[in-house]
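Sequence order for the protein chains is A and B. Here the first sequence is numbered in my numbering, starting from 1 and rising by one per residue. Here the second sequence is numbered in my numbering, starting from 451 and rising by one per residue.
Calculated from the structure, these hints are not laboratory results. All values derive from a computational prediction rather than experimental measurement. No residue lacks a Cβ here, since even glycine has one placed at the ideal position from N, Cα and C. Among these hints, one or two may not hold up.
What the hints assert, rightly or not - Some chain A residues close to chain B (C-beta under 8 Å, calculated; not the full set):
(1) Leu68
(2) Ile71
(3) Arg75
(4) Ala320
(5) Ser348
Said to hold, decoys possible - Pairs of lysine-lysine, DSBU-like flavour, derived with a Cα cap of 30 Å:
(6) Lys584/B - Lys555/B
(7) Lys826/B - Lys892/B
(8) Lys442/A - Lys376/A
(9) Lys734/B - Lys185/A
(10) Lys284/A - Lys635/B
(11) Lys734/B - Lys284/A
(12) Lys389/A - Lys376/A
(13) Lys635/B - Lys584/B
(14) Lys185/A - Lys134/A
As the list claims (entries may be wrong) - Which stretches of chain A does chain B cover? Using the computed rule of at least three CB atoms under 8 Å from a CB of chain B, they are:
(15) 47-56
(16) 157-170
(17) 278-291
(18) 300-314
(19) 432-440
Number of protein chains: 2
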Amino acid sequence: MPKLYSVSVKREEIRLRTVAIGICGLGTVGSGTVNVLQRNCAEINSRAGCSIEIRQIGARRDNSDCELGSIAVTRDIFDVVENPEIDIVVELIGGTTTALDLVKKAISNGKHVITANKALIAEYGNEIFAEAEKSGVSVCYEAAVAGGIPIIKSIREGLSANRINWLAGIINGTGNFILTEMRDKGRDFADVLAEAQALGYAEADPTFDVEGIDAAHKLVILASVAFAIPLQFDKVYTEGITEISQQDVEYAEELGYRIKHLGIARRCEKGIELRVHPTLIPEKRLIANVNGVKNAVLVDADAVGPTLYYGAGAGAEPTASAVIADIVDVARNISVGQIHTVPALGFSSDFLSEVPIVAIEDIKTSYYLRMSAEDKPGVLSAVASIFSKAGISVEALIQKAPEAGEVTVPLIILTNMATEHKLMAAVSEIEQLPTINDSITKIRVETLDG
Amino acid sequence: MPKLYSVSVKREEIRLRTVAIGICGLGTVGSGTVNVLQRNCAEINSRAGCSIEIRQIGARRDNSDCELGSIAVTRDIFDVVENPEIDIVVELIGGTTTALDLVKKAISNGKHVITANKALIAEYGNEIFAEAEKSGVSVCYEAAVAGGIPIIKSIREGLSANRINWLAGIINGTGNFILTEMRDKGRDFADVLAEAQALGYAEADPTFDVEGIDAAHKLVILASVAFAIPLQFDKVYTEGITEISQQDVEYAEELGYRIKHLGIARRCEKGIELRVHPTLIPEKRLIANVNGVKNAVLVDADAVGPTLYYGAGAGAEPTASAVIADIVDVARNISVGQIHTVPALGFSSDFLSEVPIVAIEDIKTSYYLRMSAEDKPGVLSAVASIFSKAGISVEALIQKAPEAGEVTVPLIILTNMATEHKLMAAVSEIEQLPTINDSITKIRVETLDG
Numbered sequence: 001m002p003k004l005y006s007v008s009v010k011r012e013e014i015r016l017r018t019v020a021i022g023i024c025g026l027g028t029v030g031s032g033t034v035n036v037l038q039r040n041c042a043e044i045n046s047r048a049g050c051s052i053e054i055r056q057i058g059a060r061r062d063n064s065d066c067e068l069g070s071i072a073v074t075r076d077i078f079d080v081v082e083n084p085e086i087d088i089v090v091e092l093i094g095g096t097t098t099a100l101d102l103v104k105k106a107i108s109n110g111k112h113v114i115t116a117n118k119a120l121i122a123e124y125g126n127e128i129f130a131e132a133e134k135s136g137v138s139v140c141y142e143a144a145v146a147g148g149i150p151i152i153k154s155i156r157e158g159l160s161a162n163r164i165n166w167l168a169g170i171i172n173g174t175g176n177f178i179l180t181e182m183r184d185k186g187r188d189f190a191d192v193l194a195e196a197q198a199l200g201y202a203e204a205d206p207t208f209d210v211e212g213i214d215a216a217h218k219l220v221i222l223a224s225v226a227f228a229i230p231l232q233f234d235k236v237y238t239e240g241i242t243e244i245s246q247q248d249v250e251y252a253e254e255l256g257y258r259i260k261h262l263g264i265a266r267r268c269e270k271g272i273e274l275r276v277h278p279t280l281i282p283e284k285r286l287i288a289n290v291n292g293v294k295n296a297v298l299v300d301a302d303a304v305g306p307t308l309y310y311g312a313g314a315g316a317e318p319t320a321s322a323v324i325a326d327i328v329d330v331a332r333n334i335s336v337g338q339i340h341t342v343p344a345l346g347f348s349s350d351f352l353s354e355v356p357i358v359a360i361e362d363i364k365t366s367y368y369l370r371m372s373a374e375d376k377p378g379v380l381s382a383v384a385s386i387f388s389k390a391g392i393s394v395e396a397l398i399q400k401a402p403e404a405g406e407v408t409v410p411l412i413i414l415t416n417m418a419t420e421h422k423l424m425a426a427v428s429e430i431e432q433l434p435t436i437n438d439s440i441t442k443i444r445v446e447t448l449d450g
Numbered sequence: 451m452p453k454l455y456s457v458s459v460k461r462e463e464i465r466l467r468t469v470a471i472g473i474c475g476l477g478t479v480g481s482g483t484v485n486v487l488q489r490n491c492a493e494i495n496s497r498a499g500c501s502i503e504i505r506q507i508g509a510r511r512d513n514s515d516c517e518l519g520s521i522a523v524t525r526d527i528f529d530v531v532e533n534p535e536i537d538i539v540v541e542l543i544g545g546t547t548t549a550l551d552l553v554k555k556a557i558s559n560g561k562h563v564i565t566a567n568k569a570l571i572a573e574y575g576n577e578i579f580a581e582a583e584k585s586g587v588s589v590c591y592e593a594a595v596a597g598g599i600p601i602i603k604s605i606r607e608g609l610s611a612n613r614i615n616w617l618a619g620i621i622n623g624t625g626n627f628i629l630t631e632m633r634d635k636g637r638d639f640a641d642v643l644a645e646a647q648a649l650g651y652a653e654a655d656p657t658f659d660v661e662g663i664d665a666a667h668k669l670v671i672l673a674s675v676a677f678a679i680p681l682q683f684d685k686v687y688t689e690g691i692t693e694i695s696q697q698d699v700e701y702a703e704e705l706g707y708r709i710k711h712l713g714i715a716r717r718c719e720k721g722i723e724l725r726v727h728p729t730l731i732p733e734k735r736l737i738a739n740v741n742g743v744k745n746a747v748l749v750d751a752d753a754v755g756p757t758l759y760y761g762a763g764a765g766a767e768p769t770a771s772a773v774i775a776d777i778v779d780v781a782r783n784i785s786v787g788q789i790h791t792v793p794a795l796g797f798s799s800d801f802l803s804e805v806p807i808v809a810i811e812d813i814k815t816s817y818y819l820r821m822s823a824e825d826k827p828g829v830l831s832a833v834a835s836i837f838s839k840a841g842i843s844v845e846a847l848i849q850k851a852p853e854a855g856e857v858t859v860p861l862i863i864l865t866n867m868a869t870e871h872k873l874m875a876a877v878s879e880i881e882q883l884p885t886i887n888d889s890i891t892k893i894r895v896e897t898l899d900g
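Isolated chain A (complex conformation):
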């Protein structure tokens, strides 16, 4: 049998080669990328085995956060993808309109593409990867998920021996900052959100962060890499953190839990669960102790068991760190005339399977329920009887004495695992009891034990 490794390249030759990159977009991440590439060029080039050179930057305006020196700058980003000298196009303009055109054009021009654009990959990744495969170029997107944490590489390459069971991630720093402040300082959601906006953590329109859309983009990407399924952004169940109250944070604490906004992807009997929602998790779990703007992803896999990856999920240089890691991966190979052999989603494209995404009504989970009950005999028994008829057992219960002058008492229930539609039917029934006021607050609970 012939030996398979026939290519042999001398190091001296490698050191002389140059890989030319073109950066499109010079905002926060763009300028961070320029700065890190310049500051650490000796280390980076030694790791890449070649000289990585920023040949051109396309940006509508300069950015005083970085020094461009003699780098050519064009105001038309499409110049970059048309530049025959450029090997790798780095897309950092964001959005899904111009960015999509740019990436497609780059691919059809035979350029490799590195992007930090989660929306683009989550919504148009299938189409982009198919075109890249046809053109024989790589599209890398480590920076699109969890900023500087090498989570795509870890799942796709580091855990390549495994069948992934599930993953759960704190993948939106703004949301985690808000929940952390609510818990640590007893502050209210709206108050912390205003501060996060002032600090620049949250956008003026915070919808993407607090409603879970940003997390859903990232979750979809993680799930495809973990489970070999096409990207299906339209199928993620998404619930934000806007309804989380200080009370819930406190009761969760009393029960030994923390509330985190998680993206969860799980392989179950019926297919794959894809869901973003606030979640009570046991305070003893490492991920329950990930605070502030930090991100973390917990992955449970059959051979390795649970592993966790933690770090900065956003910011100029953390994101640049991921962008440059992708550049190095591609440059290491193309500088010696090789292809970067890691498939975009980690699996060969003909292996990707159309496993169904499970509807939220059909998932099984435990629930934290908070209701306002009239302080009368028989209320608890009426509630318990509804759960009992539905076959849902109660794991824990807190009933508080009424505050002075109040006629209602808070009643907090942790249920055991139940199918969502069954639980929702029971909750509706309870809400109709004359002794239960207002609607019931419902937060899912996950034990996350691997």
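Chain B: place on chain A using the hints.
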């Protein structure tokens, strides 16, 4: 300028290729590797883009933990490295004598080598990597550090944009299990060690684990990958956990710290620090909450900031997970006639530099000190005066009332940062005070803030 990516391979071709591996050693990790490769072969082959086949196993005896089916088995492991059909040799026999011969022979026969052998890499890695470079083959060793956590890949590839500042790891599961039990259950070292041995976590001779030698092997490897320095096992400062008492665990707790056995590698003005020792770390740090047999490595790097990697540091399948990830990395490339372009230590070998390893006397750190002081006036003042003369300030102090019938009181001091030799001189002086009995317990303190 010519385009650099000239190789183009059709996927259909890739799928048909077979990469033949030979496994030497069929102990815990060997049988785990066989089991995971067989169970997950569809996923693994799809990720690798080729068919990974166990062509031969060399083992002195069978192992009933795995089914070998029709795989050829030889009792002479050297048959495997001589087998012309085999592309990748997986060394899982352990030790540094036969394993070294085997690996060198494999390399000189043009085989790629995957190993889980930390002692072999830490002590003979420089020589092994040099020979591999000459022969144009890869030597991969992800499984040698922190079991199933993809920490080598994360530092070497995931953080390739960064200049690493320092790393600190819980990289010995047995030691962490002992310290966790001491804290959680108030048990004594010897008692927990005996249980760890009974559970199979600790070897009959626990020296490697509890004296820090195993952690030192792993630390040396991490440091080389992080700082581009040759492997220097003989230069690691190593201190075990055998002297940690229940009292220290409790006082640490009272001060807001946990005691962990850490491997620390840090870039400082004078060079690189390489040290393994028990360490007080603030209980709020995520790594302080890594318990039981789990491992975790915290890496602080200039662009990304702190990142943490957590998971199983040992065991059959977690270790197999790392072994197979390496196999996939190499197979992905050699199956299409390419080389695996990631250098063994992540940097091209001519970039490796002989940065000095700092002597332990010259490092700067804070200290936890516990002494037994006579319950007399003036003792505290005498101690404080010695520190003051040495220019060492005291960060925190606990003085307990004497127990009934005792004439001495425990005096616990947390110092600020000081150079080790200065601190040791002050401690010696304090030990000579007539009012201080016995020797002083000294444990280093690290804040680990990134």
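Now for the hints, and whether the structure bears them out:
no.	hint	in the structure
1	Leu68	violated (19 Å)
2	Ile71	violated (16 Å)
3	Arg75	violated (23 Å)
4	Ala320	holds (6 Å)
5	Ser348	holds (5 Å)
6	Lys584/B - Lys555/B	holds (13 Å)
7	Lys826/B - Lys892/B	holds (23 Å)
8	Lys442/A - Lys376/A	holds (23 Å)
9	Lys734/B - Lys185/A	holds (16 Å)
10	Lys284/A - Lys635/B	holds (16 Å)
11	Lys734/B - Lys284/A	holds (13 Å)
12	Lys389/A - Lys376/A	holds (22 Å)
13	Lys635/B - Lys584/B	violated (53 Å)
14	Lys185/A - Lys134/A	violated (53 Å)
15	47-56	holds (count 3)
16	157-170	holds (count 7)
17	278-291	holds (count 3)
18	300-314	holds (count 12)
19	432-440	violated (count 0)
The structure does not agree with the numbered hints 1, 2, 3, 13, 14, 19 stated previously, though it agrees with the rest.
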